[in-house]
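Given the sequences, and given the hints that come with them, work out the whole structure.
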Amino acid sequence: MTPIIQAHNVSKRYKDVEAVTGVSLSVDRGEIFGLIGPDGAGKSTLIHILTGVLRTKEGQVTVLGKDVLKDPESVKTSIGLLPQGLGLALAAELSIEENVNFFAEINHVDPRRREERKALLLEKTQLAPFRGRQAKNLSGGMKQKLALCCTLIHEPELLFLDEPTTGVDPISRRELWTLINGMVREKGLTVFLTTSYMDEAARCHRVALLHQGKIIEEGKPDALPFKLEGKLAEIEAEDQHAALTILKKMPGVKIVYPMGERLSALHQIEDLNEIKGYAERSGIRIKQIEARAPSIEDVFLSKVAGQSEEVKEEVFEEFFQGKGISTEKRSEIMIETESLEKKFGDFTAVDKVSFQVKRGEIFGFLGPNGAGKTTTIKMLCGLFPPTAGRGTIAGLDLFKHSFEIKKSIGYMSQKFSLYRDLTVAENIQLYGGIYGVPPQELKRRLELILKIADLEGKGGFITGDLPMGIKQRLALGCAIIHKPECIFLDEPTSGVDPVARRKFWDIIFLLSRKMGVTVLVTTHYMDEAEQCDRLLLIHRGSVVALGRSEELKNQVNEEIGTLLELGTSDPFLAVEILKKHFPHCLIYGINVHLYTASPDEAIPSIRKTLEQNQIALKDVRKRTMPFEDVFVYFCEKTQQDKK
Numbered sequence: 000m001t002p003i004i005q006a007h008n009v010s011k012r013y014k015d016v017e018a019v020t021g022v023s024l025s026v027d028r029g030e031i032f033g034l035i036g037p038d039g040a041g042k043s044t045l046i047h048i049l050t051g052v053l054r055t056k057e058g059q060v061t062v063l064g065k066d067v068l069k070d071p072e073s074v075k076t077s078i079g080l081l082p083q084g085l086g087l088a089l090a091a092e093l094s095i096e097e098n099v100n101f102f103a104e105i106n107h108v109d110p111r112r113r114e115e116r117k118a119l120l121l122e123k124t125q126l127a128p129f130r131g132r133q134a135k136n137l138s139g140g141m142k143q144k145l146a147l148c149c150t151l152i153h154e155p156e157l158l159f160l161d162e163p164t165t166g167v168d169p170i171s172r173r174e175l176w177t178l179i180n181g182m183v184r185e186k187g188l189t190v191f192l193t194t195s196y197m198d199e200a201a202r203c204h205r206v207a208l209l210h211q212g213k214i215i216e217e218g219k220p221d222a223l224p225f226k227l228e229g230k231l232a233e234i235e236a237e238d239q240h241a242a243l244t245i246l247k248k249m250p251g252v253k254i255v256y257p258m259g260e261r262l263s264a265l266h267q268i269e270d271l272n273e274i275k276g277y278a279e280r281s282g283i284r285i286k287q288i289e290a291r292a293p294s295i296e297d298v299f300l301s302k303v304a305g306q307s308e309e310v311k312e313e314v315f316e317e318f319f320q321g322k323g324i325s326t327e328k329r330s331e332i333m334i335e336t337e338s339l340e341k342k343f344g345d346f347t348a349v350d351k352v353s354f355q356v357k358r359g360e361i362f363g364f365l366g367p368n369g370a371g372k373t374t375t376i377k378m379l380c381g382l383f384p385p386t387a388g389r390g391t392i393a394g395l396d397l398f399k400h401s402f403e404i405k406k407s408i409g410y411m412s413q414k415f416s417l418y419r420d421l422t423v424a425e426n427i428q429l430y431g432g433i434y435g436v437p438p439q440e441l442k443r444r445l446e447l448i449l450k451i452a453d454l455e456g457k458g459g460f461i462t463g464d465l466p467m468g469i470k471q472r473l474a475l476g477c478a479i480i481h482k483p484e485c486i487f488l489d490e491p492t493s494g495v496d497p498v499a500r501r502k503f504w505d506i507i508f509l510l511s512r513k514m515g516v517t518v519l520v521t522t523h524y525m526d527e528a529e530q531c532d533r534l535l536l537i538h539r540g541s542v543v544a545l546g547r548s549e550e551l552k553n554q555v556n557e558e559i560g561t562l563l564e565l566g567t568s569d570p571f572l573a574v575e576i577l578k579k580h581f582p583h584c585l586i587y588g589i590n591v592h593l594y595t596a597s598p599d600e601a602i603p604s605i606r607k608t609l610e611q612n613q614i615a616l617k618d619v620r621k622r623t624m625p626f627e628d629v630f631v632y633f634c635e636k637t638q639q640d641k642k
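In numbering that gives the first Met the number 0, the protein residues as written are 0 to 642.
Lysine-lysine pairs mimicking DSBU-like chemistry, simulated, CA-CA at most 30 Å apart: (1) K275 / K621; (2) K450 / K405; (3) K450 / K14; (4) K14 / K69; (5) K311 / K406; (6) K286 / K253; (7) K578 / K186; (8) K357 / K482; (9) K123 / K186; (10) K482 / K406; (11) K442 / K457; (12) K275 / K311; (13) K135 / K342.
If you're looking for bench data, these hints aren't it; they were derived computationally from the structure.
So this is what it looks like as structure tokens:
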């Protein structure tokens, strides 16, 4: 079978920047091909070349049997392109229905066929009840579903999706993937998509990892972990931070990073006891060490290890003028809320939320778009007065001492919180003035923040021109310029590449463990959730779960069972059949994910059921539950309980 997309040795340069370098790949008809990589890797450039939007003189590209570099118009009627950005292709003032009609018109869809197709798409996306709502009033997930409807209205053979789930909450993300899989099955659609979410690789049939314009690895998601350059170990130490510092210096250890209360180490050492012995000879007691199965992100990091500098720990020690708080003080309560509530008119955004955060703890705050995360943070920061309930930060009452609280906290907002047109130094000076840092002290802290953000000697650079990872570290530096006891980070790593994201979390870990700063962080990255000490899951303004990630996983395991990953000859039909017997069953790339309370007893039954329907069960594997499943389970369970 001739591939539907063929690219050979494709390159594209913008002045001095090599955006894409010698990329070769092929995509077969009817498959989902994922191009996985961070922002700035060259994903959008490549997708624009493949769709004929962008021209290049280097390489060859054939799409649907046609040379798009010579004749880009030849494929336009047969492809659909969803550009990057939440709803950026939509007309904000038009309604859902008007947007679909507009895209049908510019793609010359017959009016009668348009009405049939529109009704089907709006039903599948669950947008039909809201067809009169303006696009500007939709949530991020709804915007993406509408944009997908508009892209599919002319029934393309080949669908290009540029970061379709970036910035979309996990529930909407799962819905989008259900739609994509449904189109592949029902219409034989071929999908080429890009994403910066490494965990989405497993949802594709084949993937390519892109970094700095080059493909660094390619293959089926199941096969990629075997290409890890090294081995992985999970380590539990008595003194986590000391163990991290020591093991980073050990020969044969490539990367070490914190994962909640444990450490993950990428190494090339045969016997794990050597790692344990090395740490213990330095006075670090290792409680437990065991091998860990690698993820796609581990493979990516192993390929690009050594390309980023370590966190400058001594700079933070100088900045905070000491090494944080004592072990005794870590048991103190830094943040406490009791039945905290916020209403906007008749709408309850936050409904009786109660939780405690200990001093020096990394506390994760998770919830879908509109769940109430940002509203809660703004109440804690004194930006919104609570409607009811009570809360304290460092013993200060939210109602009575909102001004004093602001001196003790730092806040990094969800959208980039710095002024793009100001220079780096001007942004730092602005925040220093806002927080009342004395001029002489501000000069010293400015120099330290430049070091934290890897911007030494670059204070005159325009902030908007900086790479995303460096911008975020600069924003963090501005948020801690007054040395707060507690910082609030709202989606701090959204859109940041895995290497920069890893470094950002190293900084969070250092602030918590060494400097004793309390960190409350919200995130859409499910793997980041597991790096927090404890998690609060919030949905529609109410708390749906609270605890350590392992505790929450165990609770879900007890309620719905163990995760089985099934390799079958027809995954779509297998899900349709098995869902009658196992309600928690879904398509996951080329595999089926199924939860059962009795896995060993269920496997023969699963095999028999599939064989009766002429479906071969190729293999069965027990898998660790991804945290996204935990998140979605609690949200859906709460929603069902309220019905």
